[in-house]
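Peer 1: Given next are the chains, with one letter for each unit.
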Amino acid sequence: MSQLYYRQAIRDALREEMRRDERVFLLGLDIGRFGGTYKATQGLWEEFGDERVRDTPLSEAAIAGAAVGAAMTGMRPVAEIMYMDFITIALDQIANQAAKLTYMSGGQARIPVVFRTQEGAGRSSAAQHAQSLEAWVTHIPGLKVVLPAIPYDAKGLLKTAIRDDGPVVFIEHKLLYGVKGEVPDEEYLIPFGQARIVREGADVTIVALSRMVLKALDAAEELAREGISVEVIDPRTVVPLDLETILASVHKTGRLIVTHEGYTRCGVGAEIATQVVEHSMHALKRPPRRVCGRNVPIPFAPVMENYVIPQAADLVNAVRELMS
Amino acid sequence: MSVQAPASGAIPTALDPALLLRIHLTMVRIRQFEQRAIELFMAGELPGFLHSCLGQEAVPAGVCAALREDDYITSTHRGHGHVIAKGLSFDRMMAELYGRTTGYCKGKGGSMHIADFSQGVLGANGIVGAGIPIATGAALSAQMRRSGQVVVAFFGDGATSQGAFHEAANLAAVWNLPVVYVCENNLYAVSTPVSRQMRVNSVAQRAAAYGFPGVTVDGNDPLAVYEAARAAVERARSGGGPTLLECRTYRWMGHYIGDPATYRPAEEVAWWKERDPLALFERKLIETDICSQEEIQRVHEQVRAELEAAIEFARQSPAPAPEDALTDLPQ
Ligand SMILES: Cc1ncc(C[n+]2csc(CCOP(=O)(O)OP(=O)(O)O)c2C)c(N)n1
Ligand SMILES: [Mg+2]
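Each protein sequence line maps, in turn, to chains P and W.
Per the working numbering, residue 1 is the first one in the first sequence, and the count goes up by one each step.
Per the working numbering, residue 1001 is the first one in the second sequence, and the count goes up by one each step.
Looking at chain P on its own, in the form it has when it is part of the complex (with noise of 0.2 Å):
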């Protein structure tokens, strides 16, 4: 075991993947001699070279579109949005062709192509540089869609998605970066699909995206000294989903809560809460509660930043409400 770095893991990921098969390549922008915006990829253009490890020019669409060419022609690339906001420009490519060319040419393009990106908000970057879009992708039948937590989880993850024969979008989270966690020196992957219990619990079942895993985990050391017993479970992956887990944390604890960041509406939590409902209603207490982001664009001062991202108080004084 070693301590690494969020970054390093997912550098790490890449580094063995691309050593492993001489068909994994990256492109876009920044990530070659300058690292990337958040550092994940440096070392890798000393390693690997200009060939490899592709700066782009300022083109979003062409680097998702070349990707996917690319993939569907024997390549395995995998490109990288900056920031899960600027995937606007590149969502023809992800959601039109990636998700859709295999189904449509009736089962004959393999798209083997990872897009890598990053999301979240708490570091005043305002409206277009901080919202969590996992729903977007997750709506598209055709799209894997994985949100690790932690540096164990991205690199086992990363190399799943590398290794993955269809489109996978892959959503790190900016403030994660700088969090260190324990990751094995031997090779491992982890498989699509697999909730990880994060905390068990008795009383309330926090169900968890990205970087609010840490939250929650904060939110139920706070309330275990008040006596109350929280599960945090991290889908790691929410398309496929490991409903399974969940359900079985829910019949023992009779309380669902979601959180992410991601907006409240239509958000990936909606569609979990109401798996859990069409399948168990019966086994809750009470309803379902979303703790996600407030339905606003997110603004730049901090104070209102704070205010429209859920924070571990909010965890915490939603649980108190479904034990009272």
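Derived from the structure by calculation, the hints contain no laboratory data.
Each residue gets a CB set at the ideal place from its N, CA and C atoms; glycine is no exception.
Mixed in with the good hints, there may be bad ones.
[Stated by the list, open to error] Just so you have them, the derived chain P footprint on chain W, three or more residues with Cβ under 8 Å: (1) 1045-1059; (2) 1266-1275.
[Said to hold, decoys possible] Take a look, some chain P residues computed to stay more than 12 Å from chain W by CB distance: (3) A70; (4) T88; (5) T102; (6) R123; (7) E186; (8) R294.
With chain P's structure known, arrange chain W with the ligands on it following the hints.
Peer 2: Below, chain W with the ligands alone, put in the same frame as chain P:
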């Protein structure tokens, strides 16, 4: 792309001294605002991140001197210079950088999103290239309303690789819209030099693909910028359609404050700092007896006083309440 040193020629005699002094004042305002913003940011007073336009002052100063008050601009992530040149005031800009309720966007936008529609500033933008189609649409509106307004889209070299640029330029050509595309070619998009962004020798050449003129000027010479902008604006206003104006310049700082910019050779940075647009222009003003060293000094002092007052105003202004985040959505 190599760039010629600014011509050290005389100031065209046809230019009104008052105009020259106005351009100078604008450049001093931008220079000082940017210098102080960097200091405040480094001191931890400003949240978020900061893209400085230090070294690029001549472009917005020259371009906006050719505009009417009711003309429009769209701006970028590196936008303080544009909006200062268009006439926005220090106090509300500073308040926005501090995230205060008195800021131009009530603390919702920050450095990267300053807007004041009443003064024709249709917004700075965090999405590279996104202001270009918006400017094009504003030009369409001006044409349809027969208002005689002209629109300037400011953007960087990097933005010209976006589909948004090409689609908008083509549309403006087809509809003959009163828009001027002003590219501040500072030779880099983050770490990527123009040589790795495009194969053409100049951004201006891109205009040929759409059938309107493209012009390259020394972006560190405010008068060269002004002359070219005036011609383009006149053309647009008189129904002649769009122009692409490429201004070669350089950002002195990294892409954002905190970026060590190790991707740029030290000699290159030094070469450009030698060609400080403000210092060169001031030398010209003195040499041609437009004003004296003392008068220039006084301009700097006046601007400094105004800026310090603006910083005080921002510091004293109230922070928003958390719930203010919920207001200002479209009705
Ligand atoms: C669509 C989009 N892609 C990427 C970015 C990240 N980004 C911000 S500024 C920038 C470089 C812009 O270069 P240029 O247009 O030359 O302007 P400059 O920064 O040099 O003024 C990049 C890549 C962004 N904000 N928007
Ligand atoms: Mg540039």
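Peer 1: For every hint, state whether the structure bears it out.
Peer 2: For each hint, the structure was consulted:
With a cut-off of 8 Å between beta carbons, the segment 1045-1059 of chain W has 3 residues touching chain P; three or more are needed, and the interface restraint holds. For the segment 1266-1275 of chain W, the assignment as covered by chain P is violated, since 0 residues bring a beta-carbon within under 8 Å of that chain's beta-carbons and 3 are needed. Every CB of chain W is more than 12 Å from the CB of P/A70 (nearest about 19 Å), matching its label as outside the interface. The beta carbon of P/T88 sits about 8 Å from the closest Cβ of chain W, which is not more than 12 Å, so the claim that it is off the interface is violated.
Listed as outside the interface, P/T102 is consistent with that label: its C-beta sits roughly 25 Å from the nearest C-beta of chain W, beyond the 12 Å cut-off. With a least beta-carbon separation of about 7 Å from chain W, P/R123 fails to lie farther than 12 Å from that chain, contradicting its non-interface assignment. Chain W leaves P/E186 outside its interface by the beta-carbon criterion, the shortest separation being 35 Å against a cut-off of 12 Å. Distance check on P/R294: its Cβ comes as close as 7 Å (rounded) to a Cβ of chain W, failing to clear the 12 Å threshold; non-interface status is violated.
Hint violations for this structure: numbers 2, 4, 6 and 8, all remaining hints satisfied.
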